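Visitor: Below are the chains, spelled out letter by letter.
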Amino acid sequence: MLTTFLQKVLTEADYQPFRLLGMLRKVQAQYQHIPPEAIDSLAEALNIPRTQIIAVVEFYSFLHLTPQGRYDILISNSITDQMLGNDQIISYLSSTLNVKLGEVRDDGLVSLNHTSCSGMCDQGPAGLINGYPLPRLDPPKIDRIVALIEQQTPLTEWPPELFHVEEIIHKPGLLLTQAFNNGDALHATFTRGLAETLAEADLSNLRGRGGAGFKTALKWRTCSQQAATPRYVICNADEGEPGTFKDRMLLDLYADQVFEGMTVCAAIIGSNQGLLYLRGEYLFLYEKLLDVLQQRREQGLLGTNILGRAGFDFDIEIRMGAGAYICGEASAQIESLEGKPGIPRTKPPNSVMCGYQRKPTVVDNVETFLASTHIAIHGGQWFADIGTPQSTGTKLLSISGDCARPGIYEYPFGVSIREILQDCGASDVMGVQVGGPSGTFISNRELDRVLAFEDLSSAGSFMVFNSTRNIFDIARNFTDFFAHESCGFCTPCRVGTSLLKQQLHKIIDGHGSAADLEELSELCLVVRNNSHCGLGESAANPILTTLASYPDLYLKQLKHQEFSPGFDLDATLNVARRMAQRDDPSAHLMQVEN
Amino acid sequence: MSGTLTIDDQIIPFSDGQTIIEAARTAGVYIPHLCHRPGYSPHGSCKLCTVFVNGRQCSACTFPAADGQKVISTNEDMQQDRLRITQMLFVEGNHFCPSCEKSGNCQLQGVAYHLNMLDNHFPHFYAQREMDASHPDILIDHNRCIFCNLCVRASRDKDGKNVFAIAGRGINKRLIINSPTGKLKDSDISMDDCAAHVCPTGAILIKHTGYQVPIGERIYDHQPISQVACDTEADHDE
Amino acid sequence: MTNKIKIATTSLAGCFGCHMSFLDMDERLVDLADIIEFDRSPFTDIEHCSPCDIGLIEGGVCNSENIHVLREFRKNCKTLIAVGACAINGGLPALRNFVKLEDCLLEAYRDGIGVDNPQIPNDPELPLLLDKVRPIHEIVKVDYFMPGCPPSADVFLAFLTALIEGRDPSLPYKLIHYD
Chain G
7 MLTTFLQKVL
17 TEADYQPFRL
27 LGMLRKVQAQ
37 YQHIPPEAID
47 SLAEALNIPR
57 TQIIAVVEFY
67 SFLHLTPQGR
77 YDILISNSIT
87 DQMLGNDQII
97 SYLSSTLNVK
107 LGEVRDDGLV
117 SLNHTSCSGM
127 CDQGPAGLIN
137 GYPLPRLDPP
147 KIDRIVALIE
157 QQTPLTEWPP
167 ELFHVEEIIH
177 KPGLLLTQAF
187 NNGDALHATF
197 TRGLAETLAE
207 ADLSNLRGRG
217 GAGFKTALKW
227 RTCSQQAATP
237 RYVICNADEG
247 EPGTFKDRML
257 LDLYADQVFE
267 GMTVCAAIIG
277 SNQGLLYLRG
287 EYLFLYEKLL
297 DVLQQRREQG
307 LLGTNILGRA
317 GFDFDIEIRM
327 GAGAYICGEA
337 SAQIESLEGK
347 PGIPRTKPPN
357 SVMCGYQRKP
367 TVVDNVETFL
377 ASTHIAIHGG
387 QWFADIGTPQ
397 STGTKLLSIS
407 GDCARPGIYE
417 YPFGVSIREI
427 LQDCGASDVM
437 GVQVGGPSGT
447 FISNRELDRV
457 LAFEDLSSAG
467 SFMVFNSTRN
477 IFDIARNFTD
487 FFAHESCGFC
497 TPCRVGTSLL
507 KQQLHKIIDG
517 HGSAADLEEL
527 SELCLVVRNN
537 SHCGLGESAA
547 NPILTTLASY
557 PDLYLKQLKH
567 QEFSPGFDLD
577 ATLNVARRMA
587 QRDDPSAHLM
597 QVEN
Chain E
112 MSGTLTIDDQ
122 IIPFSDGQTI
132 IEAARTAGVY
142 IPHLCHRPGY
152 SPHGSCKLCT
162 VFVNGRQCSA
172 CTFPAADGQK
182 VISTNEDMQQ
192 DRLRITQMLF
202 VEGNHFCPSC
212 EKSGNCQLQG
222 VAYHLNMLDN
232 HFPHFYAQRE
242 MDASHPDILI
252 DHNRCIFCNL
262 CVRASRDKDG
272 KNVFAIAGRG
282 INKRLIINSP
292 TGKLKDSDIS
302 MDDCAAHVCP
312 TGAILIKHTG
322 YQVPIGERIY
332 DHQPISQVAC
342 DTEADHDE
Chain S
4 MTNKIKIATT
14 SLAGCFGCHM
24 SFLDMDERLV
34 DLADIIEFDR
44 SPFTDIEHCS
54 PCDIGLIEGG
64 VCNSENIHVL
74 REFRKNCKTL
84 IAVGACAING
94 GLPALRNFVK
104 LEDCLLEAYR
114 DGIGVDNPQI
124 PNDPELPLLL
134 DKVRPIHEIV
144 KVDYFMPGCP
154 PSADVFLAFL
164 TALIEGRDPS
174 LPYKLIHYD
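Quick mapping for you: the protein sequence lines, in order, are chains G, E and S.
Each residue of the first sequence is one higher than the one before, starting from 7 at the first, in the numbering used here.
Each residue of the second sequence is one higher than the one before, starting from 112 at the first, in the numbering used here.
Each residue of the third sequence is one higher than the one before, starting from 4 at the first, in the numbering used here.
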């Protein structure tokens with residue numbers, strides 16, 4: 007059974023070790039875990055050490071060495087899902103299905119767990135079942151789901167509306183409103199010329215939409231100038247930053263324009279192979295995107311001699327992630343695409359020179375390729391006329407949290423936070439998290455700041471909090487997120503993010519003194535200043551930015567003059583008390599001595 | 112490219128392809144490190160060798176030396192950060208020096224002594240880790256592993272074997288062994304492997320050889336790692 | 004009344020090795036005795052701390068009594084020092100952290116070889132064991148740390164001399180040892 011299955015999986019992957027993650031996803035889906043025999047067989051067939059396979063399985067949240075339930079339910083614990091009551095959803099699921107959070111039910115039918123943001127913050131509380139989305143969960147919907155599970159109805163026979171993800175565009179702008187016919191950008195590119203189109207991209211001053219804001223044309227030019235071949239185009243659709251879902255919408259509704267942007271890039275840098283790295287949470291888009299690619303092949307927009315241009319061959323393969331935020335980092339993503347744990351590479355060299363398979367590689371965000379498509383059609387000036395001089399064009403925002411109209415908004419750069427809040431119907435605002443946990447928290451005293459690389463930059467996440475929200479719930483949620491997602495490669499991030507979590511919890515739980523706050527601040531800087539990659543560099547942001555905005559709230563949280571232990575002291579006697587059957591006063595400890 | 116660079120006001124030469132830490136070692140300048148070892152591919156994970164290069168922080172063990180580079184390696188803030196990073200390693204695992212055979216020869220300890228580390232500072236993680244004593248000649252005490260990856264690189268690049276790998280994510284990282292049982296005895300490691308000898312701490316120890324040099328008479332009992340590292344590491348590998 | 008520096012010492016989950024090492028100061032103790040005096044300490048048999056200048060804590064924290072003693076020291080000592088590996092990181096007693104407390108107790112009092120009249124001791128006079136042996140800095144604020152197993156007599160002398168002279172204690176390289 008297993009052998010036959012693995013044969014099929016291996017054949018589909020053409021026995022290529024770099025497709026390991028995809029193979030393991032299939033094994034996981036079939037067997038609810040990666041059985042030891044599968045590890046041995048794959049290691050032998052692919053001629054890789056079994057330790058590489060174990061390392062990959064342990065690295066990605068959606069792969070497991072021990073069996074999960076045949077119905078594996080994951081509930082998003084993004085802060086906005088938390089605000090929408092994901093705890094009640096979990097309790098309800100847990101009681102109706104009789105399964106504890108983090109466990110597999112005894113009969114193996116169902117398991118329940120948390121997952122990092124599932125990319126549906128505009129329609130939470132949301133979750134995933136066997137990788138497929140379950141938006142807008144509420145008790146009646148859960149009742150239906152529970153019944154289907156208990157009847158062991160295959161997922162394929164469930165009512166499709168249970169999985170239906172809405173794409174809510176409240177404010178389409180420059181890019182989302184442009185008319186587009188497949189091939190427009192490629193025709194324009196070939197008509198104008200490759201060098202000329204690159205010059206237009208340069209003129210547009212388009213900067214990467216993944217957050218870092220590196221100039222796109224410069225990246226493409228540098229890549230095209232590398233001697234080494236082949237060269238690769240990678241579309242980074244691993245939008246794991248909690249609160250962002252605009253790439254989901256783009257791939258759902260604008261996939262052709264994204265793929266066309268990749269193809270334009272391929273023409274310019276001289277690439278034959280593109281890869282779309284699709285985050286595991288967007289499994290529901292996979293088949294749909296395969297169809298889009300197939301249509302494009304049939305339209306002569308992918309494959310060999312594209313649009314009849316002899317020698318221009320380019321195709322795109324979709325590879326899925328498997329639950330690891332860090333794989334949004336370009337070099338980690340490349341490692342992942344090579345069938346390894348997503349650990350960010352050491353730079354230099356950067357991936358433009360030494361990327362996928364150690365070859366020159368352009369990695370760009372979904373939205374960057376979309377913009378490139380339209381720049382190829384309309385030219386650079388058309389784009390540069392919008393926005394600010396340093397941040398040209400528009401930016402897609404995924405707005406979630408406390409507002410009347412969560413969803414997608416497209417704004418010219420330079421727009422004020424205040425205007426955005428008015429548009430989405432946010433009132434009584436306490437603060438906004440711009441750019442997700444790795445971005446910046448701004449309080450309601452800073453609403454005149456603007457969205458732009460030179461002020462507040464965002465890869466797309468925009469979470470609104472009203473005055474009923476507790477700032478510590480937010481800081482804790484984000485800090486825990488980074489500790490969970492740290493890849494563990496470097497010491498300051500591996501150990502430091504867990505220490506940050508402990509220390510923040512200590513203060514929030516009321517065990518902190520002034521010295522603890524000082525310690526927390528010091529630790530933030532050690533982690534920020536010494537970490538290997540952007541995750542570690544930004545892991546302390548939630549604490550640093552909330553501490554800057556609300557120092558008084560932190561001070562109020564310090565309940566002790568003197569040092570207090572960072573753990574429940576009395577609870578450390580639980581076992582001894584139980585075994586000695588004692589409960590007398592001297593069998594207890596005060597947390598702090600009076 | 113070759114030329115000179117400046118480390119903390121000291122001008123040192125470098126040759127083509129050298130990283131900052133290699134140039135520094137050649138010139139006898141010590142930059143604290145644990146995951147780096149001459150002759151091994153750079154890794155850049157322990158972050159003890161973090162230096163300022165032209166105002167930017169980077170790892171001296173991975174960053175290429177360049178002409179005219181201004182490197183700041185030692186100032187009070189940086190030593191303080193290094194101290195904290197070392198203390199992180201101490202609380203992450205279970206490092207009980209008095210009962211460890213490596214004591215006095217342990218680089219983790221050597222770096223800690225060098226940084227004048229008197230305590231662990233942070234709360235402990237109380238990691239539950241195991242010991243693998245299955246192999247007749249080689250002992251693994253996972254409590255002392257700091258995930259420097261040297262054994263992984265040694266086995267893969269020097270011994271051509273892939274005996275070790277690091278699995279897990281975040282604080283749940285763990286060293287794993289390439290054998291059907293996961294035990295060292297069933298792997299193809301041998302006593303002559305570089306991987307058996309490269310561990311900077313007491314996580315991988317050779318059995319039956321303990322305490323030949325008494326505690327108190329070992330490398331770092333007498334000399335700071337800053338004075339011996341440049342020489343001993345060169346002796347060992349070149 | 005004297006103007007002597009008052010020092011209190013105790014051993015929590017320790018072996019008294021650090022105390023023995025203190026005594027290794029030998030003849031130097033004679034000079035020291037002119038300027039210090041001991042309050043609560045195994046050297047004096049005084050049962051409870053009165054206000055002191057310096058408290059020396061040997062050993063980690065393994066039971067509820069250790070917590071009470073440690074807090075008494077913290078309350079009464081202007082400067083509290085963790086002395087030796089066990090106070091600093093739990094040391095050898097912390098090796099029991101690899102065994103569940105439940106298993107420890109069952110092995111010692113119920114299932115172990117030669118156990119007569121098996122029962123878990125439950126007299127209220129007895130301190131209860133913590134689930135883990137912990138270093139003292141996780142329970143109280145500690146001002147200084149003297150590493151070593153034990154710290155040598157020279158380390159004690161260096162620390163005490165500095166504190167008596169009103170300086171921040173520091174150790175030269177050759178005095179820093181964790182073993």
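Watch out, some of these pointers could steer you wrong.
Said to hold, decoys possible - Taking beta-carbon pairs under 8 Å as the criterion, some of the chain E residues facing chain G (in silico): (1) Thr-137; (2) Gly-139; (3) Gly-150; (4) Ser-156; (5) Gly-166; (6) Gln-190; (7) Ile-196; (8) Leu-200; (9) Lys-269; (10) Asp-270; (11) Ala-276; (12) Pro-325; (13) Ile-326; (14) Ile-330.
Bear in mind the hints are in silico, worked out from the structure with no lab data behind them.
Please read these numbers as outputs of a predicted model, since none were measured by experiment.
Ideal Cβ placement from N, Cα and C applies to all residues, glycine included.
Visitor: A separate judgement is required for each hint: does it hold in the structure or not?
Guide: Quick rundown of the hints versus the structure:
1. With its C-beta approaching chain G no nearer than about 21 Å, Thr-137 of chain E sits outside the 8 Å limit, and its interface hint is violated.
2. The beta carbon of Gly-139 of chain E comes no nearer than 25 Å to any beta carbon in chain G, farther than 8 Å, and the hint placing it at the interface is violated.
3. With 8 Å as the threshold, the beta carbon of Gly-150 of chain E stays out of range of chain G, its nearest partner Cβ sitting at about 17 Å, so the hint is violated.
4. For Ser-156 of chain E, the suggested interface contact is upheld, since its CB lies about 5 Å from the closest CB of chain G, less than 8 Å.
5. Interface restraint check: Gly-166 of chain E against chain G, minimum CB-CB distance 13 Å, threshold 8 Å, status violated.
6. For the restraint placing Gln-190 of chain E at the interface with chain G, the shortest Cβ-Cβ distance is roughly 12 Å, beyond the 8 Å limit, so the hint is violated.
7. This hint holds: Ile-196 of chain E has a C-beta 5 Å from the nearest C-beta of chain G, less than the 8 Å allowed.
8. Interface hint status for Leu-200 of chain E: upheld, as the beta-carbon distance to the closest one in chain G is roughly 6 Å, under 8 Å.
9. Taking 8 Å as the C-beta cut-off, the interface hint given for Lys-269 of chain E is violated, the closest approach to chain G being about 16 Å.
10. A hinted interface residue such as Asp-270 of chain E counts as satisfied when its beta carbon comes closer than 8 Å to some beta carbon of chain G; here the least separation is about 13 Å, so the hint is violated.
11. At a threshold of 8 Å, the smallest CB-CB gap from Ala-276 of chain E to chain G is about 3 Å, leaving the interface hint in force.
12. Because the beta carbon of Pro-325 of chain E sits about 31 Å from the nearest beta carbon in chain G, more than 8 Å, this interface hint is broken.
13. At its closest, the beta carbon of Ile-326 of chain E sits 27 Å from a beta carbon of chain G; the interface hint therefore is violated under the 8 Å criterion.
14. With a cut of 8 Å, the hint placing Ile-330 of chain E at the interface with chain G is violated, because the nearest CB-to-CB distance is about 23 Å.
Violated hints, in rising order: 1, 2, 3, 5, 6, 9, 10, 12, 13, 14; the structure is consistent with all others.
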